[in-house]
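2 protein chains.
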Amino acid sequence: METKNSNYRISSAVIKRLPRYFRYLRELLEGGRMRISSGELSKMMNVTASQIRQDLNCFGGFGQQGYGYNVKYLYGKISEILGVEQGYKAVIIGAGHLGLALVGSPMFAKRGVTLSALFDNSTELVGGEYGNLHIYDISELEAYIKENGINIAVLTLPRAYAKEMAERLKNLGVKGIWNFTNIELNFEDSDTVVQNVHIGDSLMQLTYRMNSNEEK
Amino acid sequence: METKNSNYRISSAVIKRLPRYFRYLRELLEGGRMRISSGELSKMMNVTASQIRQDLNCFGGFGQQGYGYNVKYLYGKISEILGVEQGYKAVIIGAGHLGLALVGSPMFAKRGVTLSALFDNSTELVGGEYGNLHIYDISELEAYIKENGINIAVLTLPRAYAKEMAERLKNLGVKGIWNFTNIELNFEDSDTVVQNVHIGDSLMQLTYRMNSNEEK
Chain L
0 METKNSNYRI SSAVIKRLPR YFRYLRELLE GGRMRISSGE LSKMMNVTAS QIRQDLNCFG
60 GFGQQGYGYN VKYLYGKISE ILGVEQGYKA VIIGAGHLGL ALVGSPMFAK RGVTLSALFD
120 NSTELVGGEY GNLHIYDISE LEAYIKENGI NIAVLTLPRA YAKEMAERLK NLGVKGIWNF
180 TNIELNFEDS DTVVQNVHIG DSLMQLTYRM NSNEEK
Chain R
0 METKNSNYRI SSAVIKRLPR YFRYLRELLE GGRMRISSGE LSKMMNVTAS QIRQDLNCFG
60 GFGQQGYGYN VKYLYGKISE ILGVEQGYKA VIIGAGHLGL ALVGSPMFAK RGVTLSALFD
120 NSTELVGGEY GNLHIYDISE LEAYIKENGI NIAVLTLPRA YAKEMAERLK NLGVKGIWNF
180 TNIELNFEDS DTVVQNVHIG DSLMQLTYRM NSNEEK
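These protein sequence lines are chains L and R, in that order. Each residue of the first sequence is one higher than the one before, counting from 0 in numbering that gives the first Met the number 0. Each residue of the second sequence is one higher than the one before, counting from 0 in numbering that gives the first Met the number 0.
Bound conformation, chain L alone:
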């Protein structure tokens, strides 16, 4: 599958690898690095240099022989492709431990996403504050999203409510749903995209690798 984006044609396999380049380039930038060769990036990232050249050269010829990549330029291009520059605004629905753990993470700010509010249905939580965010009653969702131009909803509520909430968000015109409920949601032929997170899949990669190690 190929995707057209800002005049580049980038395969979905490359797209999946871009967030990792984004993280490494960001660290290089923060450390004041201006240029990096594919060889050095290869060592840092534990990927072959030819893979790196293949992945990054589709953005145009800014990996000059002998000069390496311009870190800032490449970071900017990748940020643009990944939507970091769009200034998306998000709310978290479900102020349990997972919701609060996400509030405390610098992940959103680093990726250009502003966390705007929390929502919950528990009278104990509603009206409180956490990490400078107000916790609203879920009945206030419609008004809040419209008034504040929210683009993203993060679902950290119990899985039993996931489908109904996702429908409600789609009808509100929310463009992105980041779904932590472990139910696979899918809105095809819709303007709303859903990204399902399955942390358990990563646990299985771990146990698979442990198991293979033992059989060596």
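For the record, the hints were derived by calculation from the structure and aren't laboratory data. Be aware that one or more of the hints could be misleading.
Said to hold, decoys possible - Result set (DSBU-like, lysine-lysine): computed pairs, CA atoms no more than 30 angstroms apart in a straight line:
hint : chain 1 : residue 1 : chain 2 : residue 2
1    : R       : Lys162    : L       : Lys42
2    : L       : Lys109    : R       : Lys15
3    : L       : Lys109    : L       : Lys76
4    : L       : Lys15     : R       : Lys15
5    : R       : Lys15     : L       : Lys162
Using the hints provided, position chain R relative to the given structure of chain L.
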């Protein structure tokens, strides 16, 4: 890269897809299904039927024409490959919101991993209980791991402590580290495998897809 496991040779690309098959097959089993065709599985999982046949046929010829796959057998085989049958035991290091969110998740039990205890360095938390797990002081880690045969450590502590803690766990002989600290840890040429979780990469997949949608 190919991996030898239980007499099969399975590519790393297939391995990455197995946890998703595991989830779907588990749901089918729980719903009492005995057989499923590649066509029906294809519709459920939104993957082509030929991809499914390619992925699953490397475990041997149990996708019989006209009969479909034996759900229980396939689930059992995939569980075995993924290490679900090993009965691994885990502790969580860091009893903040993320650590407690993981305790509350059925994910571990479903994947054959038993959560055994929590560790923290905060005197406010140590000595408490959460979800039937005791919260121990981090100074008790060495003794606990040895006495209880712990195989997996889940790192949900602040990232500043991640490297030092990982070294400590490796020296203790812990075979698997599931790292949520957003620092990439890597122990090559070691018996300890590290699985790094980067939740932010999933957020970037979401914003990428939202951004591409808008450009359509």
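Against the structure, the hints come out as follows:
| no. | hint | verdict |
| --- | --- | --- |
| 1 | R:Lys162 with L:Lys42 | holds (19 angstroms) |
| 2 | L:Lys109 with R:Lys15 | holds (27 angstroms) |
| 3 | L:Lys109 with L:Lys76 | holds (15 angstroms) |
| 4 | L:Lys15 with R:Lys15 | holds (13 angstroms) |
| 5 | R:Lys15 with L:Lys162 | holds (26 angstroms) |
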